[in-house]
Amino acid sequence: MKPTPIAVFLAFAVALFLLLPLIAVVPVSFTPARFLSMPTDVWSLRHYQALLDNPAWLQSVWLSLRIGILSSLIATLLALAFSLGIWMFRPWFGSLLFGFVLLPMVAPPVVSAITLYFFLTTLSKVNDIVAYDTWVGVAIAHAVMIAPFAVVMVTVALAQVDRRIDLAARGFGASVSQRIFKVILPNIKFGVFTAFFLSFVLSWEEIGVTLFITSVDAVTLPRMMWMGLRDNIDPAIAAISVILIGIVITVILVKTAVTFTLSRKT
Amino acid sequence: MTFDKLKPALLLGPLVLFLGLAYLIPFLGVMQWSVTLPEPGFSQYGKAVSDPLIQSVFIRTFRICLIVTVCAVTAAYAIAYVWVRGTPVQRLVTELCILIPFWISVLTRAFGWVALLSNRGLINTWLQSAGIISEPLTMVRNEFGVVLGMMHFLIPFAVFPIASAMRSLDERVFLAARGMGASRLRIFWSIFVPMTTPGILGAALMVFVFALGFFITPAILGGGRSVMIAELIYLRIFQSPDWGLGAAVSVILMIFVALLLVLMLRFVRPNKMLG
Numbered sequence: 001m002k003p004t005p006i007a008v009f010l011a012f013a014v015a016l017f018l019l020l021p022l023i024a025v026v027p028v029s030f031t032p033a034r035f036l037s038m039p040t041d042v043w044s045l046r047h048y049q050a051l052l053d054n055p056a057w058l059q060s061v062w063l064s065l066r067i068g069i070l071s072s073l074i075a076t077l078l079a080l081a082f083s084l085g086i087w088m089f090r091p092w093f094g095s096l097l098f099g100f101v102l103l104p105m106v107a108p109p110v111v112s113a114i115t116l117y118f119f120l121t122t123l124s125k126v127n128d129i130v131a132y133d134t135w136v137g138v139a140i141a142h143a144v145m146i147a148p149f150a151v152v153m154v155t156v157a158l159a160q161v162d163r164r165i166d167l168a169a170r171g172f173g174a175s176v177s178q179r180i181f182k183v184i185l186p187n188i189k190f191g192v193f194t195a196f197f198l199s200f201v202l203s204w205e206e207i208g209v210t211l212f213i214t215s216v217d218a219v220t221l222p223r224m225m226w227m228g229l230r231d232n233i234d235p236a237i238a239a240i241s242v243i244l245i246g247i248v249i250t251v252i253l254v255k256t257a258v259t260f261t262l263s264r265k266t
Numbered sequence: 001m002t003f004d005k006l007k008p009a010l011l012l013g014p015l016v017l018f019l020g021l022a023y024l025i026p027f028l029g030v031m032q033w034s035v036t037l038p039e040p041g042f043s044q045y046g047k048a049v050s051d052p053l054i055q056s057v058f059i060r061t062f063r064i065c066l067i068v069t070v071c072a073v074t075a076a077y078a079i080a081y082v083w084v085r086g087t088p089v090q091r092l093v094t095e096l097c098i099l100i101p102f103w104i105s106v107l108t109r110a111f112g113w114v115a116l117l118s119n120r121g122l123i124n125t126w127l128q129s130a131g132i133i134s135e136p137l138t139m140v141r142n143e144f145g146v147v148l149g150m151m152h153f154l155i156p157f158a159v160f161p162i163a164s165a166m167r168s169l170d171e172r173v174f175l176a177a178r179g180m181g182a183s184r185l186r187i188f189w190s191i192f193v194p195m196t197t198p199g200i201l202g203a204a205l206m207v208f209v210f211a212l213g214f215f216i217t218p219a220i221l222g223g224g225r226s227v228m229i230a231e232l233i234y235l236r237i238f239q240s241p242d243w244g245l246g247a248a249v250s251v252i253l254m255i256f257v258a259l260l261l262v263l264m265l266r267f268v269r270p271n272k273m274l275g
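First to last, the sequence lines map onto chains F and Z. For the first sequence, the positions run 1 to 266 when the working numbering is used. For the second sequence, the positions run 1 to 275 when the working numbering is used.
Please keep in mind that the hints were generated in silico from the structure rather than gathered at the bench. Even for Gly, the Cβ is constructed at its ideal location relative to N, Cα and C. Heads up, a few of these hints could be off.
Claimed, not checked - Taking beta-carbon pairs under 8 Å as the criterion, some of the chain Z residues facing chain F (in silico):
#, residue
1, Leu11
2, Pro52
3, Gly86
4, Val93
5, Trp103
6, Ala115
7, Leu122
8, Leu253
9, Ile255
10, Leu261
11, Leu263
Stated by the list, open to error - Cross-link-like lysine to aspartate or glutamate pairs, in silico, EDC-like; alpha carbons within 16 Å at most:
#, chain 1, residue 1, chain 2, residue 2
12, Z, Lys47, Z, Asp242
13, F, Lys255, Z, Glu95
14, F, Lys182, F, Asp166
15, F, Lys189, F, Asp162
16, F, Lys2, Z, Asp170
17, F, Lys182, F, Asp162
18, F, Lys2, Z, Asp242
Unchecked claim - Some chain Z residues well away from chain F (every beta-carbon gap over 10 Å; in silico):
#, residue
19, Phe18
20, Glu39
21, Phe42
22, Lys47
23, Val70
24, Arg85
25, Thr87
26, Leu96
27, Thr108
28, Leu137
29, Gly179
30, Gly181
31, Trp189
32, Ala247
33, Leu259
34, Arg266
Construct all of the structure, not just a fragment, from the sequences and the given hints.
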């Protein structure tokens with residue numbers, strides 16, 4: 001049963017709605033005025049220039065990169081160990097534990113934010129490294145928020161693995177670590193990489209929790225954008241938005257093209 | 001106890017311990033705030049349910065979340081239908097339109113709506129220069145902007161459970177209905193929609209739960225005028241230091257979401273939602 005023209009029309013109306021705000025930022029980013037204004041005949045790159053001139057933007061990008069890498073490393077490693085444990089040993093309390101580790105994903109973001117605010121302000125009293133408004137503190141908080149997503153991704157990858165190869169390895173006397181490193185990991189490496197990538201993107205974009213746990217020192221890129229959006233809207237936001245949209249579209253198009261060519265080959 | 005018996009604990013332990021220390025215990029700490037600040041007792045909970053200002057924020061949050069849920073799920077259904085059942089080209093186009101916004105930061109998307117909807121934004125400028133309106137239409141700093149922005153954020157999330165329900169249908173059912181002379185419209189309403197109801201309910205509950213704790217989009221597009229519950233918590237913690245009340249409202253929100261999630265698990269098995 002193919003969709004009728006009406007169904008196709010409705011679907012494309014929704015598609016247009018989804019793309020509209022992304023398209024809208026492009027002309028705004030090339031306006032010449034110092035304040036947020038609408039496109040005229042005069043085009044200018046001054047908002048892009050502003051991104052380079054103000055060192056705060058580059059600093060925030062560098063900070064977000066560091067936080068993203070550290071937090072997604074922590075989250076992916078912990079999630080990998082956890083998912084392997086569930087998959088290999090299938091403990092009877094497995095689903096209970098699984099529900100527990102998904103908590104930060106299903107709880108309202110604002111509840112997680114106030115929780116992590118409590119966590120980091122409490123730690124601030126005893127150390128300066130994992131603390132409120134420090135980059136390591138933010139990375140740890142992000143790791144809490146993204147670990148559930150990494151668990152889901154790794155678990156989905158494990159669900160595709162044929163249990164019999166693990167049973168065979170076990171039958172031949174392989175130890176737990178041999179089973180993990182020689183049998184299971186090679187089969188899920190793509191899933192683990194996806195989990196790492198998703199974790200990084202989630203941390204890179206994280207703003208809800210970050211707002212609660214940073215103030216003036218650990219200004220990540222989203223936090224920087226938030227400050228430019230709150231009061232008088234800074235048109236540099238349009239320029240950085242266009243750059244971010246460009247990156248996302250490039251990655252998705254490349255990925256689509258690659259899967260398309262691969263599917264043609266097989 | 002041999003070393004091998006400890007292996008499960010070594011694998012499962014680190015994450016559970018990490019989240020226990022960094023999430024569960026701090027949440028208990030927030031609960032403690034809610035009953036000790038500024039004075040011991042449940043007075044903050046009493047205030048949270050009886051204060052007319054907070055009540056109005058709760059009511060507004062529910063109203064906006066309901067509207068957003070209905071609109072987002074309807075829109076998601078339309079696009080999911082073509083994504084799952086369209087021609088290859090239609091599938092590719094809809095897939096890109098779902099995935100691109102999905103990966104783009106919530107701030108960029110909210111900013112896009114500001115650029116479109118504000119008084120001197122693209123839509124008002126075009127309408128005015130075309131002579132259709134003389135005064136700009138107010139579309140941000142009110143609920144209209146908040147609803148549009150939240151819908152835009154949540155539609156891609158709603159698409160996945162609906163699409164997965166649509167994929168699992170047996171094509172022969174439609175052939176049978178066709179063979180017995182049912183019209184296309186009849187097949188759609190009497191067979192297709194009922195058979196995808198679990199996906200619709202799953203998507204609706206998921207969107208509603210997400211929308212409840214939503215903070216960034218309402219803060220930017222609502223411009224402080226239509227404050228929702230999540231922004232209220234933020235303001236109580238950072239602007240009028242009133243931690244006890246902020247914590248109490250958080251705990252109420254958490255309990256409510258927990259109840260909704262229990263409801264959700266009755267409709268959709270979690271593995272279905274992962275698609």
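Restraint check for Lys182 (chain F) with Asp166 (chain F), where alpha carbons must lie at most 16 Å apart: Status holds; Cα separation ~10 Å.
Status of the stated non-contact between Val70 (chain Z) and chain F (beta carbon gap over 10 Å): Holds: least Cβ distance 14 Å, greater than 10 Å.
Agreement of Lys2 (chain F) and Asp242 (chain Z) with the hint, judged by alpha carbon distance not exceeding 16 Å: Distance ~57 Å between Lys2 (chain F) and Asp242 (chain Z) Cα, so the pair is violated.
Nearest-CB test (10 Å) between chain F and Phe18 (chain Z): violated (6 Å)
Non-interface label on Thr87 (chain Z), tested against every C-beta of chain F at 10 Å: Thr87 (chain Z) is in fact no farther than 10 Å from some Cβ atom of chain F, at 7 Å.
10 Å cut-off, C-beta based - Gly181 (chain Z) kept clear of every residue in chain F: holds (15 Å)
Hint status (Cβ of Leu263 (chain Z) to nearest Cβ of chain F, threshold 8 Å): Nearest chain F Cβ about 13 Å off; hint violated.
Interface hint for Ala115 (chain Z), Cβ within 8 Å of any Cβ on chain F: holds (5 Å)
Assertion that Lys47 (chain Z) lies outside the chain F interface [Cβ separation over 10 Å]: Consistent with the label, Lys47 (chain Z) stays out of reach of chain F, its closest Cβ about 17 Å off (over 10 Å).
Minimum Cβ-Cβ distance from Arg266 (chain Z) to chain F exceeds 10 Å: holds (15 Å)
Restraint outcome when Leu253 (chain Z) is required to lie within 8 Å of chain F by C-beta distance: holds (5 Å)
10 Å cut-off, C-beta based - Leu137 (chain Z) kept clear of every residue in chain F: holds (15 Å)
In terms of the numbered hints stated before, the structure departs from hints 2, 9, 11, 18, 19, 24, 25, 26, 27, 32, listed from lowest to highest.
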